[in-house]
Each structure stands twice: as C-alpha cells, then as structure tokens.
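*Asks:* Whenever a hint applies, use it, and build me the whole structure from the sequences.
Chains as they are written, first to last, in this note's numbering: chain A, 1 to 148; chain B, 1 to 148; chain C, 1 to 148; chain D, 1 to 148.
It is worth saying that the hints were derived from the structure and are not from the lab.
Just so you know, these numbers come straight off a predicted model, no measurement behind them.
Treat each hint with caution, since some may be false.
The list treats identical chains as interchangeable, and a pair is accepted whether it falls inside one copy or across any two copies.
[What the hints assert, rightly or not] Keeping only pairs whose Cα atoms sit at most 25 Å apart, straight-line, the calculated DMTMM-like set for lysine to aspartate or glutamate is:
{"#": "1", "residue 1": "K31", "residue 2": "E121"}
{"#": "2", "residue 1": "K129", "residue 2": "E5"}
{"#": "3", "residue 1": "K31", "residue 2": "E49"}
What follows is each chain in one-letter form.
4 protein chains.
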Amino acid sequence: MAPFEPRDAGWQRRVRDIFARQGALALLGAKITELEPGRCVAVAPFRPELGQQHGYFHAGVTSTLADATGGCAAATLFGADGDVLAVEFKINLLAPAHGETLVADARVVRSGRTLTVCSIEIFVDRDGKRSPCALMQQTLIRVASSAS
Amino acid sequence: MAPFEPRDAGWQRRVRDIFARQGALALLGAKITELEPGRCVAVAPFRPELGQQHGYFHAGVTSTLADATGGCAAATLFGADGDVLAVEFKINLLAPAHGETLVADARVVRSGRTLTVCSIEIFVDRDGKRSPCALMQQTLIRVASSAS
Amino acid sequence: MAPFEPRDAGWQRRVRDIFARQGALALLGAKITELEPGRCVAVAPFRPELGQQHGYFHAGVTSTLADATGGCAAATLFGADGDVLAVEFKINLLAPAHGETLVADARVVRSGRTLTVCSIEIFVDRDGKRSPCALMQQTLIRVASSAS
Amino acid sequence: MAPFEPRDAGWQRRVRDIFARQGALALLGAKITELEPGRCVAVAPFRPELGQQHGYFHAGVTSTLADATGGCAAATLFGADGDVLAVEFKINLLAPAHGETLVADARVVRSGRTLTVCSIEIFVDRDGKRSPCALMQQTLIRVASSAS
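*Replies:* The structure is reproduced here in structure tokens:
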C-alpha cells in the first residue's frame, strides 16, 4: 500500500479523542501504543473479568479491541469534521488468546471517500513471546462529527 | 429448520455453566433470558462503560453478547462432555445500538458433528420499543470439555 | 421487517436489466424466479462446468448467484437512477450443494440511504426435495447509474 | 508466519489435481501460476461472460478464483489422503475489478489439525499495472479424500 497522508493537521488529537470517549475501551483498560496515518495499535492487559470459560481473553474482548483500532486507523485519514462508525467486521479466532496482554494492530487497506476497509492482526503476549491469535477484516463509514 | 433434540439430559445446567464461567459476560451484566435446544437469548443493560463515542452500545459489546449467545445456542446440542469455541464470526451493525437494553437472540442454523453455524439477531430496547441493531453469522467448533 | 415500498415505478424493469447485463449470470444459466420490493429469488441448473472436485455446485457459483440476488433485492428499493455495487459479503457453506438446481433467496434486512444489508438463503433442489446449503450476509452500496 | 513444511511428498500433484477437477475453474479459464507450501496464486483472463453490469469482473468470479486458491493453499499442507472444503469466507470488494487479468494470491495464516484459515489478496492487471481489487478471509476444513 502507498503511504497515507492525513488531511487534518489535528488528526492525532482527534483520533485519540475518539478512543478516549469510548467507555467500553476504558472498561478494557485499553491504550493506544502506536498511531500513524492509516495505522493504530492498542493493547489491553488481561484480568479475569475479560476472560471466557477457559481463562483466555474473550472473543468479544478481542473483537472490541480490534474494532476500536480499526476505527482509529480509519479516522487518521479523515478530515477535521470526520467521525467513524463500523459498518461490519469479520474475525477469525486463530488460537486461544492466552497471555498477559492483547495487542491489536490495524492497518487501512482501502481509504475511499465514503468507506474505509481495515485489516487488523491481533496478537497475545505471553512470557515475552508474541503470537497471532485473531485476524479481522472490517468496513467503516465516515460520518460527520456530531460536534460539527 | 427442524426442531432440535438435545443429546445430554443435563444440557440446561451445562450451558448455563458455560455462560456463568465467562468473566466478560459478568462485566457486561449479561443474563440469559431464554434457553431452548438450538436457541439462546441474553440481555445486557446499558451503562456508560459499555458505550462508544456517541453513547450507544459499543460494537464490541454488541459482538460480545451476540458471540456468547451463539456459543450457548450451539452448546445446547452438544453431548455431556462438549464445550464450545467460536471459530469466527461476522457482524453487520445495522443501526446505532441506542437504548436501555441490548438483546441477542441466537439460533443454530446448522448443527454438524464438528462445526455449528449460528445466526444471531441483535436488538436494542428503547422506551419500550424493540429495534434490530445488528446481525451476526457465526461458526463454532465443538471441543472436549476441559473437565472431561 | 416492515414491508418495503419501491421509490421508482419502473423498479421491476430496472432490476431485471441489472440482472440481464451481468455476463457471469448468463454463464451460470441463472434466471430470476421471484421479484418483489426488498426480495429477489433466482435459480441456476447444475451442469459439470459449475462444479467443484466432488461434483457439487462450486462455492464460487453459489456465491455468484447469492451475490447477484442480494444486489437485485437491494436495487428494488433504489430510485430510478440507482445502481448497486457489493461492498462485501460473507458466506457459510452449510452442506454440500448436491442437486439439480441452486436457489438463492435474498431479502433486504436494512435499507439505508447509502448502504443496504441483505440476508441470502441458498438452497439446493434434489429429487424434488429442497435443502439449505449456504447462508450469506452482504453489504451493498447505492451508486448513480452510469446511464444517468 | 513460519515457513510451512508439506507432509505429503506428492503435494504438488495432489493440489493441482484438486484444481483441475473443478469444472467451475475451467469455465473461468483459471490457471495456477505459483504453488508453494501454504501458498497458491492463480489467474483468470477477462471475457464478457465473466463480467457484471459495468463490464468488470463479477464479484462472484472474483470470489470463485479467490476461494479456489485458498483451498489449494490449504491443501498444500495436508497429508496424502487430505481433501479440502471451504467452511466459509468473507470478501471485501475494494475497487472495481477492471482489467485484463484477475490474480488471486492465497496464503495460509493458520494451519490447524481440522481447520485452516487463509488470507487471499486479489488483484487486477490492466495495461501492465497491478492493483488490489479485493481481500478475502477464509476458513477451510480438511476432509478425507473420497478416493481414500
């Protein structure tokens, strides 16, 4: 993919605001660790409240983190008044998400006028080793910011 | 679809246990409201911690509840030692999940020896009116229970 | 779902034209058998050129017919200058598509200003018996007709 | 991803046989151009019979070629008696598939005992330039060969 150029000088603050305003991400303890045009990486630490019946990260938690990073990766390329909504996504759970930290790494694969498509790789860190645990393909729509 | 016959006399308790052991569902405040062979309905009440940036249920929360009901619907048809893992799912977010209660209604559409496919309709209740807000299609795999 | 109202008096001819202009559907020998606002059913007869390695309808053929009926179901609700493009779809192959005739039955589940979501059930007819063989969930976008 | 080791000395012939026995691929004029453990690339030349209403490759044709290469990529890693069936796939149509040749490049992203997951990038070649036109994420199941 070609490198992406942001269209809004304030893209970093705007995207971090989108992330910060999502209560569900605070509930996960999620934090952005990397942010560049067309890309967003975020992490969440494990705790039992984020688990499924075997003590791994719940597929829904994995989806929540992945969905959020995809939305933020898409929004890095929007104009100043652009907000983002997920249209749909599909996730394959490749391996048990067994570890201390969940990592979602989202990249824009198509940036259109109306729709953006992201590919999100999800990893789990365990004892210093990072392994892939899920793969998401996501479609997003640009909407006017409610504040604009 | 033909009506489904459970293969395990203790299916109700086994499936409720699968639900109860998922920390992420307790975090959502989720509860099963209907359970029959090949079907599971669950609800979660809104609170800001479950929201996205516009104050609606987060797509990840919607996915978590839907994924969990699909898993439980699938597990109703398993034998006594059967546990369930999601292989993958795809969700379309049809409308903002704006309301007091999220409702996920999962039905088995194919029950195979190894794989089960579910269709899950997700609704939101607002001021006494129920509206569709998402639709999920999910693939699950039967695995031996860790307790067996 | 509420019944749908077409916005274009010429919707039937417009949608049948969309179907007729698709070379890939002629190659399948596909025909529309039912068309109503928000719904389209089409069929294709088996021949070995449509098969996979076991002599059943190829998953790609199943997808082609399902995708086309979803597009036509969506287009029934567009205005006179509206054409349709698939944004994405996801299909579960529930059972071998072993039979004489493939049948795809598409229904609109959300009709938005920009995006439409369809659910498509695919069946196979064999010796007079109809069985489900696949299930598709599809997102479409309305575009201006190239003729307009 | 780690490099993949085939488990069957005759994997190349076995996989090319799977491809060759699919009538639908002959109908597309599809050919394998690269085959290595965990990867398969195939192409199909445009002709109007493979088109949709705007004269581009039909989404169903794109799906058929992508699905087939994913199946073959998965099958490169199976034992001598292993055959492959698609469980489900999801495809995003990123751009009009407008060109002379469609190219699908499939890679295994998870090779499990029962299930394999592939990621397939689809390109279109036009006037000597290759552009991405679709992205597929696919789940496959290993089944015993009908000949075994």
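*Asks:* Against this structure, judge whether each hint is valid.
*Replies:* Hint by hint, here is what the structure shows:
1. K31 - E121: Answer is within; shortest intra-copy Cα gap is 16 Å, inter-copy 30 Å.
2. K129 - E5: So K129 and E5 pass the 25 Å test across copies only (22 Å; inside, 33 Å).
3. K31 - E49: Classified as both: same-chain Cα gap 17 Å, cross-chain 15 Å, threshold 25 Å.
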